[in-house]
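Peer 1: This is what each chain is made of:
Protein chains: 2
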Amino acid sequence: MPKEEIINLALRRGLFYPAAEIYPNSPSGFWDFGPDGETIRRKIVEFWRNELVEKEHFVEIYGAQILPEAVFKASGHLDSFNDPIVQCNKCKSLNRADKIIADVTKGIVPESMSTPELDSLIKKHNVKCPKCKSDQLDKVKTFNMMMKVNIGATGDLTSYLRPETCQSIFLDFARVYKTSRQTLPLGIAQAGASFRNEIAPRNTLLRERELGQMEIEIFFDPDKINDFEKFDDVKDYKLNLMLLKDGKVSKVKCSDAVKKKIVSGKLVAYYLARVQQLYERYGIPTEKIRFRELDDDERAFYAKETWDFEIETDLGWIELIANNYRTDYDLKGHSAGSKQDLSVVENGKKFMPHVFEISAGIDRTFYVLLDNAFKKEKRGPEERSFLDLNPRIAPYLVAVFPLVKKDGIKEKAEELYQLLNSYEFDSYYDEKGSIGKRYARVDEIGVPYVITVDYDTMKDGTVTLRERNSMEQKRVKIDTLPELLWKLHLGKTTIKEI
Amino acid sequence: MPKEEIINLALRRGLFYPAAEIYPNSPSGFWDFGPDGETIRRKIVEFWRNELVEKEHFVEIYGAQILPEAVFKASGHLDSFNDPIVQCNKCKSLNRADKIIADVTKGIVPESMSTPELDSLIKKHNVKCPKCKSDQLDKVKTFNMMMKVNIGATGDLTSYLRPETCQSIFLDFARVYKTSRQTLPLGIAQAGASFRNEIAPRNTLLRERELGQMEIEIFFDPDKINDFEKFDDVKDYKLNLMLLKDGKVSKVKCSDAVKKKIVSGKLVAYYLARVQQLYERYGIPTEKIRFRELDDDERAFYAKETWDFEIETDLGWIELIANNYRTDYDLKGHSAGSKQDLSVVENGKKFMPHVFEISAGIDRTFYVLLDNAFKKEKRGPEERSFLDLNPRIAPYLVAVFPLVKKDGIKEKAEELYQLLNSYEFDSYYDEKGSIGKRYARVDEIGVPYVITVDYDTMKDGTVTLRERNSMEQKRVKIDTLPELLWKLHLGKTTIKEI
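Listed in order, the protein sequences are those of chains A and B. Just so you know, we're using the working numbering here: the first sequence kicks off at 1 and counts up by one. Just so you know, we're using the working numbering here: the second sequence kicks off at 1 and counts up by one.
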């Protein structure tokens, strides 16, 4: 679906909109999620937790968002978490050097490129200031994206908002390893916000200054990267891999990816498979999915091997997840920085665990799921639009509509709403306007089921249950509803089977 | 339970611990939540959402945590969100003036007290520096608790981390009011982090620099504060009110609170009742609950009427929720600040909605629930400790234990774990050590049910189901487990009824 249509839907229904939008000149790159958007966003995380974190026996933490300076000295972020920027000497506007070069050359500018290299590219391609069109661009400088916060009465406790949630995971590794009594491999997950002072936030939820991440760091013994029992469950599963050598997407069996050394080992192939399966279950068609292999120049400073998990949208391929083999970079850095030995002893061997990371964007997933789910269809003379969302991602499982507000029907509908609430179903209540308009409104935000309370309900205790995609309706007894909705939510039955 | 025992449990089991604890001199007031702590914390929010937000048809948003300076000029926080601090001229240490005076006088120092008033109290009571014991305290100064963040390539977009989540709610009111098509009263909720540069963070989760809040702002027509139909549901319900006039807790019927003008109107009494009921359902005994009426000096700068919801713990009465009648303070301020008219038109009348706020602390609720749930009991010669948590707050609904690791029992237990996962039950798996020790470990973190897979399971498909408090065990068929656990979770059946 075109970006404009998605933004239009988002603003019209309050799914998401700029933070502090009533104030002029509020900084860009900050977004608020309105009622239905907040719910979808939360369910994206719950789905990840249930379908990946819990299935794989990972554990989850919740860490503070502000961390002291020493952490980011050790992590390398104060030195290396930089963007190249260039100022126009004429109009004084600042821009990301790599971005304005890429706009002119229509190519990708490697993250690792030095400032002199960028200077010569600007010269070579005669890149001009995108604002005033002058050619008076200054030399390229590096710009650190960390956001500083001064803590304490004299502000002397220099701290930073975390640029990635995973730093808490590395800091907490020793305690979690000890208190969870697990042996390696141990996966530690966290969902939350990260903060990056982007020069050029853009494309709504795709490039933000405050961004939602759901990250998993899997700590393992590097000698055992191929000693991984669960691998057998996925050995015949096919990964969509876009390899550097030919730039094409090939379907590669996990067992072949390991055998041909396309990935570092079974553990890596296994989790790539789990990532692809997760997004297939979210509702993304397999053909819109690829893992793009990154070369040395493109990878982040801490990564030895990176597979960018990308999904095809109307805006092109969007990176949702960085799958990074971070080696022992982080634990080694924090061991040195904190003077605490973060190595472990297992089976008589002392070693520093290696880390494989699955770093997913929550807001990017949100955008891509909207792009994928937004459907329009002709039904006779009328067109309707709806979000074809997985019921577990939909903002509400069910909407409750009283046919009319009189004759006790409104009260009956409210009673039913409270019954569904007592079963923890997320329900939506609406009594305003015609039933047709109310259906259209909940279709548009992806609510999969609607219950209508009408005059028959008052007589025989039945209601109408309508499914979003098929628009099929069934008459069901209220006392069978809780179990039925539970199974519909879980995908353990369908409207056709009722 | 004494604070020391709670901290001991928290550190031993990784429920919570200082952020960046491996680094020496990390700033205090920041806490991380380990696996089981993260889960309990999340479930506290889910319970609030289900039992208050959704039951009352409130809507929920998720707002950016960083907001521009103009917002906090208009909200009054840049001028008024201050603590009084005093420096020692001898040892240079900084302290909160009201706190060190209160420590000496054993009394409460009103929030509204001016700096000269505090100076004279220090003189009158001969208050000394708490660190070096000298009497060379300087004049009291005001200290603003907002945390500043500079955004943009030149850092010229001065912004702040929000000191209360509700500011996004006020900023988003107009869009949510429009897009949700509701009429007033309209409740908008938000759960998330807030940030306050406290001089003296203390008592672990009770006074933090980064704190979790779950806030609800109810927008209403002030002329209709007593035109509130739902009030009848609570009119005979008794609130535990500690009134200013006598300083004692009295049980006051909601109808009397309104009639005697103890509260501003039916709407206020109704929501105070819902708050008290929410915490009773969390598991707090009624006699440990009170609403303390605040006088003019104690209230925050935006509040006309405040009821502090407090719970009795081993540390004394702890404030969990500020229930504030904020009037039109916020919408008026942001209308002026943003030059957008935030008033509404209903029934032909144009007016600025008033706000009643229910501002609850997530981390404080966590601490208080631990304090309340931590039990020790003698069973014969042995003592056991357990957390008597509501099953919906417990970190996991159920633990799955294979009796032994051999003869296919481990694989059967894993299969059962995955079955429970497919029903979205939060499950915990442990195969290490004796069954007795495993029971003790999950009791200690409050897991209400344990399933043991044993040799009989392999023969007849049954497992042992054990309840935490009664330690009662029942033998049940695996295929009945999903529905049974669902109803146990919801409190719709009990172990005795099986």
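Heads up, a few of these hints could be off.
The list treats identical chains as interchangeable, and a pair is accepted whether it falls inside one copy or across any two copies.
[As the list claims (entries may be wrong)] The calculated lysine-lysine pairs, modelled on PhoX-like cross-linking and capped at a C-alpha distance of 25 Å, are:
(1) Lys304 with Lys133
(2) Lys477 with Lys492
(3) Lys349 with Lys432
(4) Lys405 with Lys178
(5) Lys432 with Lys178
(6) Lys375 with Lys133
(7) Lys148 with Lys487
(8) Lys349 with Lys378
(9) Lys432 with Lys55
(10) Lys3 with Lys349
(11) Lys55 with Lys410
(12) Lys253 with Lys339
(13) Lys230 with Lys260
(14) Lys474 with Lys224
(15) Lys492 with Lys3
(16) Lys260 with Lys459
(17) Lys128 with Lys496
(18) Lys99 with Lys141
Think of the hints as simulated: they come from the structure by calculation, not from any bench.
Peer 1: So, for every hint listed, does it hold in this structure?
Peer 2: Each hint, compared with the structure:
In the homo-oligomer, the alpha carbons of Lys304 and Lys133 never lie at most 25 Å apart, since the shortest distance is 39 Å inside one protomer and 56 Å across protomers. Within a single copy, Lys477 and Lys492 get their C-alpha atoms as close as 19 Å, and across copies as close as 20 Å, so both meet the 25 Å cut-off. When the C-alpha separation of Lys349 and Lys432 is checked against a cutoff of 25 Å, the pair qualifies only between copies, where the shortest distance is 21 Å, while the shortest distance within a copy is 68 Å. Taking the shortest alpha-carbon separations for Lys405 and Lys178, only the inter-copy value of 22 Å comes in at or below 25 Å, while the best intra-copy value is 59 Å.
When the C-alpha separation of Lys432 and Lys178 is checked against a cutoff of 25 Å, the pair qualifies only between copies, where the shortest distance is 14 Å, while the shortest distance within a copy is 55 Å. In the homo-oligomer, the alpha carbons of Lys375 and Lys133 never lie at most 25 Å apart, since the shortest distance is 40 Å inside one protomer and 72 Å across protomers. Proximity of Lys148 to Lys487 under the C-alpha cut-off of 25 Å is found in neither arrangement, the shortest distances being 48 Å within a copy and 48 Å between copies. Taking the shortest Cα distances, Lys349 and Lys378 never come within 25 Å of each other, neither inside one copy (65 Å) nor across copies (41 Å).
In the homo-oligomer, the alpha carbons of Lys432 and Lys55 lie at most 25 Å apart only across protomers (19 Å), although the nearest pairing inside one protomer, at 42 Å, exceeds that limit. With identical chains, the CA atoms of Lys3 and Lys349 are never at most 25 Å apart, being 53 Å at best within one copy and 39 Å at best between copies. When the C-alpha separation of Lys55 and Lys410 is checked against a cutoff of 25 Å, the pair qualifies only between copies, where the shortest distance is 16 Å, while the shortest distance within a copy is 42 Å. In this assembly of identical chains, Lys253 and Lys339 lie within 25 Å of each other by CA distance neither inside one copy nor across copies; the values are 43 Å within and 60 Å between.
With identical chains, the CA atoms of Lys230 and Lys260 are at most 25 Å apart within one copy only, with a shortest distance of 19 Å there and 68 Å across copies. In the homo-oligomer, the alpha carbons of Lys474 and Lys224 never lie at most 25 Å apart, since the shortest distance is 54 Å inside one protomer and 41 Å across protomers. In this homomeric assembly, Lys492 and Lys3 never come within 25 Å of each other (Cα to Cα): the closest approach is 34 Å inside a single copy and 46 Å across copies. For the identical chains of this complex, Lys260 and Lys459 are neighbours neither inside a copy (68 Å) nor across copies (44 Å), given an alpha-carbon limit of 25 Å.
For a Cα distance limit of 25 Å, the shortest separation of Lys128 from Lys496 qualifies neither inside one copy, at 61 Å, nor across copies, at 77 Å. With identical chains, the CA atoms of Lys99 and Lys141 are at most 25 Å apart within one copy only, with a shortest distance of 14 Å there and 48 Å across copies.
In this structure, the earlier hints numbered 1, 6, 7, 8, 10, 12, 14, 15, 16 and 17 are contradicted, and the remaining ones agree with it.
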